Amino acid sequence: MTVPILQVKDIHKRFPGVQALRGVNFEVLPGEIHALLGENGAGKSTLIKTIAGVHAPDTGQVVFDGKPVNFSNPREAQQLGIATIYQELSLYPELTVAENIFMGHAPRRRFGPFQFLDWDAMEARALQLLAELEIYDMDVRRRVGTFNVGNRQRVEIAKALSFNARLLIMDEPTAALTEADVENLFRIVRLLRERGVGIIYITHKLVEVFELADRVTVFRDGQYIDTKNVSETNEQELISMMVGRTIENLFPKKESEIKDVVLEVRNLVHGSNTRDVSFKVRAGEIVGLAGLVGSGRSETAQVIFGVTPPESGEILVGGKSVKINHPSEAVKHGIAYVPEDRGLQGLVKAMNIGENISMAVLGEISNASFIDYRKEDQLARRTIDQFAIRAYGPEQVVNKLSGGNQQKVVVGKWLASAPRILIMDEPTRGVDVGAKSEIHRLMSELASDRGLAILMISSELPEILGMSDRILVMRSGQIVAEFTREEATQEKIGAAMMSAGSYAANGTGQKESVAQ
Amino acid sequence: MAAINESTQQPVQQRNLSKRLQDMILSQEGILFIILVITIIILSNSNANFLTSQNLFNQGRLLAEVGLIALPMTFIIITGGIDLSVGSILGLSAILVGYTWNNLGLPLEAAIVVALLVSCVAGFLNGLIIVRVNVPPLIMTLATLAFYRGLAQGISEARSVTGYPEWFFGLGQGTILGIPTQLVILGIAIIISGIVLARTTFGRTLYAIGNNMVGARYSGLPVERVTLAIYTFSGLMAGISGVIFVSRFTTTRSDMGSGLELDAIAAVVLGGTSIFGGKGSIIGTVIGLVMIQLLRNGMAINNITSDATIVVIGSVLIFAILVNNLIQRLRTAE
Amino acid sequence: MTASMTSAKPVSARFSPIVLLPLLLALAVFIAFQFLPFVNQPELGATTIPVLTESRSNNEVGVPTNGLILIPIASGVLLLLGIWNLSNVQMIRATSAITVLVGVLVLEYFVIFAMDYSGEQSTYLGSMGIGFWALLILAFLMIVQVFLPRAAADREFQLRSLISNQESAIAIALVVLILVIGTSNPRFVSTNNILDVLQGNAYIAVAAIGMSMVIITGNIDISVGSLIGLLAIISGRLVVSGAPVWVAWLAPLFIGAAIGALIGVLVAYLRVPAIVVTLGMFSILKGVLIIWTNGQRVTDMPPDFYLAQMRPLGISMPIWFMIILTILAAIWMRYSGLGRALYAVGGNAEAARLSGISQQRVVLQVFMINGFFAGIASVLYATQLNIIQATPPPALELAIITSAVVGGVSILGGKGTVIGAMLAAILLNAIRSGMIFINVSPFWIQAVQGILILVTVLIDLLRRRRQAV
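Protein chains in written order, with the numbering used here: chain A, 1078 to 1593; chain B, 266 to 599; chain C, 33 to 501.
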């Protein structure tokens, strides 16, 4: 029985307004890839930050390598051998690879009474560390900012290596990677496993769990649910652990009459994330847009919405070609976008519910630019009632609301603009299950009763399957597959998301590398 | 650069009357106002000349030049930006009045119009590059501070212009219904700015930008247009202030307005506007303006040199921010 | 056995004696140099060199037939070895850099003193020859590369990487400016004028060293002009009231550092934005200065106070300070922990925190260093004339910031070098001087400064945007 490299015992952690972790127990063995699965807000981030020394637990204990530890800052954890790679890589774009790897603990030389940085040793060691990861073609004297995300991530891993880490924590590492980079990452992670490093691998992609991990632990609402050997479980079981109920109840999509095309995009191009995209959305229809992170879905939505106007291509609303260069123009044409990043793109957190709800329709609640506060108040109250937003009034600052209620405010804001086309980007991410099904019910009603054309971007396949009338799959900036509700299955969609071409009869898809 | 207001009961624009009153008294503006009243009482007791209309009107004249600039500065700082070039635009405007009238022979009215137009363009240029190229306002206006001042110096070659017609001096030295002209202009500007900030969609947009520019843009607010507008407005006000300055001073010099940005920013920050953006009011700025002018006046009356007052202003500025930070941190702890 | 991620021991840089060869050679040349009579000539470009007249030939370039020929050969070898060192990873780069510099200097001296001038029309440029300038700039660029990370080039030393950075761009701009204005008005490139150009902004360049460091950490200091003015007066008053000269020279350094510490505490620990603190400090210091001096300047300082008027080896002191301090600072920023921490804090404060770098301490220290350099600059400023004015030159801080920003120190933080700042300070003065020589009113210099800042910032931003996200 090997001694776990890490043990987490009965950890509780509370932040103002939310209990992030409740009585969590968790362990990692050396030489194991242990996946951590759970929805946003389930507590994974908080847990790893506690392990990494960013937060101190309220109660409970962290035991590393058999000894209880009490970190007062992340650096202590780092020096003991716990390395963390967050999604937002912590690198210095203007400095070289070697310097990034060794910042803060660079090799030095003595010269009389002076001690100075030994650049040659630094670069030699950096090359060595990269070689251990079987990376031989990286110029360590190059500025990190000129590398793409995949390479930068490799620098981060080399950085972790430089601390002789024995526990490596990776938070959604494949979120922004191309396929080739993902392959490379897996190779490196397996290499590290063979070296005896314990790896905590956080992901929301079931595919990766089954491809990479030895064991998987599921979190839900800050609580530890269960740990399973990957070989002894399946997707269905994991999903139900994550979500807490079977799939069927969650997605009450009503039948609706699908009418004319309201939104059409033709050959839309913007950068490398939107490469010749064309599709149609009809009134009363919910079109699900599936794809891996980085496939260009949000970016394409933002092109349509005018945040990043298209370089070429056409957008047609109600059959008429329109030019959209700014979100304000999109709103005028009846397009609404409920964004992926609620906090940054969806709300102004310091303002209250009323001010947020009216933000897209200021023109309507004002007379000659003068805000009519009564109208604003009425709108806010109506919206709060309609969406059952849990708050004590329109004057409550949205910062304090839960994820689900915040999302309702954002949706309410956009519905107030009476759109014809509603684009919802990850509409139920970070939302508790109750609010989730409310939002789904709402979407369904909007399509069937109000005849909205809805484009729903989601990374949750069950949601896509349950809610969509039609499903489009995007990969590397292009639409690679289209399925109707009847013919779609998780496997087909998953296959399309990961490889070009359609699902082959024998159940395998070819993987191909993507030019960077 | 957003100031996240953590308290649950404090929206940035308030409507409910009784809550409004309560928060008003306890806010930075309220406290400052109380200090202001106390200061006025002390000053009027210590020196008989203080509360005379002559003294007050004189102070009003001086205050107006900074005041006109401090109003758009409030808008700009609320959006999280800053405009360091206002002093230089003032100088440029002053020079242009002199140059076009004296060297180019334009009628004085036309000269004034030219100066104001150029000031608008100057502000517009600031806004344009800030919006289009995403240059941080700090460095952009620092560069234009040099550039516009440089233009002023280059055009004027450090020569001053005098000999303006009598009617011109009415602007800076005359009165309307017994109140100094520039004070009247300032008063009108204050009322308009105050209403725009507190009650219009434009004002709401400013607060939104200051708290979360991305969120504001994604909500369809015309972020770029509004930003362009406030920097242009800042240029225009600096231009008007420059014309008034010349009228009051009776000559044109190329170093006019140097350092005025400091006074304006100090007034705005003292009045409760957060340097990080998202929070602030015109009333606060007005109180801050009066406060600073009072300080100057008070010291002058008590025979402290005017140069010493800039020490005080500078200290006041730093102190004001410290207090502001402290208040925000206390509020967060609630 | 504990599992770990690496198994090898750290590799130390190979230190072979051949590294010392260029340095020894440089030393030998320099010593030989010392004992040759013409080194004692105070005037650069002097025409009477008795040692050489015996071997003078009829054309302008007198090729000596005595042992003096060794000097250019040795310096040439030195230069080449140094250049080779730079491109070879194994050599210690600082040594190589110094070698190159010494080689160039020796070569320069040889060229100056060994050539014969005929008449007064000969100009610095003419007597040097284009080749000399090319060599000088090339050597300089190579030294600069030592301190810069590469953008995106392969491991081999590429000529293109020489010019792809701001520092090189400025050096080239400088040369172009000298050539252009020099051809239209040869007096621009006369010895005296070139030295003037180098010297005029020397104290600004020194102050720009500290300012560059502050800007690299992502802060700014717009009070440094008033600080220099104040410290200059303090220095003057100290010496006039009887303090020993060295006290008057050193006191401003420490007072400057102390005021810098005050600013640093406000910015780093009390979280007041640097722009605001220094905006306030600007007027506080200015006011204190006015109150204290009452508008009176300081005069009648003892003759050995005038540091800036000394001319060791015929080159005025401010130029020495500028070049030596810049090089030392560049080396420090490259090879010391705190020096790199500046880049870390300015480049990604969060990551720096995780690397164990205390942002507060770094910011505090950088403002102290800035005050220290402002002190040095103030002494140079105070001693350059026989009187110290009651107010510093107007827009001094702007000139300092312009030097830093135009020199490549990005206002967004995390990038730039002090060498670039020094070159930019020289360039700015060259532009100002050049404007006079081509009859453009010097009053436009501030407008030019503003445009230069703008253009530099725009280019920097566009460059950043084009990079991988």
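Honestly, the hints are just simulated from the structure, not real lab data. Keep in mind the model is a prediction, meaning the values are calculated, not measured. Please note that the accuracy of each hint is not assured.
Claimed, not checked - Each pair of labels, with its calculated beta carbon distance range:
#1 B:386 to A:1561: 55 to 65 angstroms
#2 C:278 to A:1185: 31 to 41 angstroms
#3 A:1133 to C:273: 55 to 65 angstroms
#4 B:386 to A:1188: 39 to 49 angstroms
#5 A:1145 to C:494: 21 to 31 angstroms
#6 C:109 to A:1208: 53 to 63 angstroms
#7 A:1518 to C:303: 45 to 55 angstroms
#8 A:1518 to C:495: 34 to 44 angstroms
#9 A:1445 to B:306: 53 to 63 angstroms
#10 C:109 to A:1188: 20 to 30 angstroms
#11 C:495 to B:449: 47 to 57 angstroms
#12 B:592 to A:1306: 47 to 57 angstroms
#13 C:494 to A:1156: 36 to 46 angstroms
As the list claims (entries may be wrong) - Stretch-level coverage of chain A by chain B, calculated; a stretch enters the list once three of its residues show a Cβ under 8 angstroms from a Cβ in chain B:
#14 1184 to 1198
#15 1398 to 1405
#16 1432 to 1445
To be verified - Not everything, but these chain B residues come out facing chain C in the computed CB check (under 8 angstroms):
#17 396
#18 398
#19 401
#20 516
#21 527
The beta-carbon is built from N, C-alpha and C at its ideal position, and this holds for glycine as well.
Hints violated by the structure (listed by number, smallest first): 4, 5, 6, 8, 9, 14, 17 and 20
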